[in-house]
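Peer 1: Sequence:
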Amino acid sequence: MATIDVPKLPQQASNWCWAASGEMTMRFLGHDVAQCVEANNRFGLTTCCVNNSGSCNNGGWPEYEKYSFSADQTSDTALTFSQIKSQIYCSKRPIAFSWHWLGGGGHMMVVKGYFTVDGVQWVDVNDPEPYTDLNTLVGGTETLMTYANYVSRAGDHTHWNDYYNITYKGD
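With the first letter of the sequence shown counted as 1, position 83 gets the number 83 in our numbering; the numbers rise by one all the way through.
Quick caveat, the hints were computed from the structure, so don't treat them as lab data.
Note that beta-carbon positions come from the ideal geometry of N, C-alpha and C, so glycine has one too.
Mixed in with the good hints there might be a few duds.
Said to hold, decoys possible - Here are the simulated lysine-lysine pairs, DSSO-like style, with alpha carbons at most 30 Å apart:
hint: 1; residue 1: K66; residue 2: K85
hint: 2; residue 1: K169; residue 2: K8
hint: 3; residue 1: K66; residue 2: K169
hint: 4; residue 1: K169; residue 2: K85
hint: 5; residue 1: K8; residue 2: K92
hint: 6; residue 1: K169; residue 2: K92
hint: 7; residue 1: K92; residue 2: K66
hint: 8; residue 1: K85; residue 2: K8
hint: 9; residue 1: K66; residue 2: K8
Claimed, not checked - So the derived label-pair ranges between C-beta atoms look like this:
hint: 10; residue 1: E63; residue 2: V120; range: 33 to 41 Å
hint: 11; residue 1: V50; residue 2: D118; range: 49 to 57 Å
hint: 12; residue 1: L144; residue 2: T80; range: 17 to 25 Å
hint: 13; residue 1: P130; residue 2: L45; range: 21 to 29 Å
hint: 14; residue 1: L45; residue 2: A154; range: 33 to 41 Å
hint: 15; residue 1: A148; residue 2: A2; range: 16 to 24 Å
Produce the entire structure from the sequences given, and follow the hints as far as they go.
Peer 2: Put into structure tokens, the structure is as follows:
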């Protein structure tokens, strides 16, 4: 069993789970990048820190390289439980991961820990939902899920991309 102290942050717009996951992972590693800054840079805008709706409120992926980070990425596959253990326990690095909803769209969250109880593998996750607005800055949930659910759940979701080995390269 191991956990790391990744800050639980809510997404500040309904489609910003990716930005919240980016902010959680980068802040944990010592270099905070606000969600609205991520959105501005992702969409080529300058207004997302004032108004997080309209063309700012879209899905995306954390763009670690824009903020002097590097990260490895899976494609439509989950990290193994052994890889999660290595990231959390050995490397002390969080994992941003995403799901495909079967009805379309997706969601991104952050793995911050793992454990095994009676032979069942579990992951400890910061979920940026429920989203909040710029005024309240409350929300998000910490949740426990089985590793099997992290990978996929029939009738609900399949695994999309994982971002791991997230490392700050310096300025």
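Peer 1: With reference to the structure, classify each hint as holding or not holding.
Peer 2: These are the hints, each one checked on the structure:
Simply put, K66 and K85 have alpha-carbon atoms about 27 Å apart, close enough for the 30 Å limit, and the pair holds. Of the supplied pair hints, the one linking K169 and K8 holds, its CA atoms being roughly 23 Å apart against a limit of 30 Å. Restraint check for K66 and K169: the C-alpha separation of about 11 Å stays at or below 30 Å, so the hint holds. The straight-line distance between the Cα atoms of K169 and K85 is roughly 23 Å, inside the 30 Å bound, and the hint therefore holds.
Of the supplied pair hints, the one linking K8 and K92 holds, its CA atoms being roughly 16 Å apart against a limit of 30 Å. A distance of roughly 16 Å separates the Cα atoms of K169 and K92; the hinted pair therefore holds under the 30 Å criterion. Taken as a hint, the K92 and K66 pair is honoured in the structure, with Cα atoms around 22 Å apart against an allowance of 30 Å. The straight-line distance between the Cα atoms of K85 and K8 is roughly 20 Å, inside the 30 Å bound, and the hint therefore holds.
As the CA atoms of K66 and K8 are separated by approximately 22 Å, the hinted pair is consistent with the 30 Å bound. Restraint check, E63 to V120: a C-beta distance of roughly 35 Å satisfies the suggested window 33 to 41 Å. For V50 and D118, the hinted distance range of 49 to 57 Å is satisfied, since their beta carbons lie about 50 Å from each other. Range check, L144 to T80: about 19 Å between beta-carbon atoms, so the 17 to 25 Å window is met.
At roughly 24 Å, the beta carbons of P130 and L45 sit within the given window of 21 to 29 Å. As the Cβ distance of L45 to A154 is approximately 38 Å, the hint placing it in 33 to 41 Å holds. Between A148 and A2 the CB atoms are about 19 Å apart, so this pair conforms to the stated range of 16 to 24 Å.
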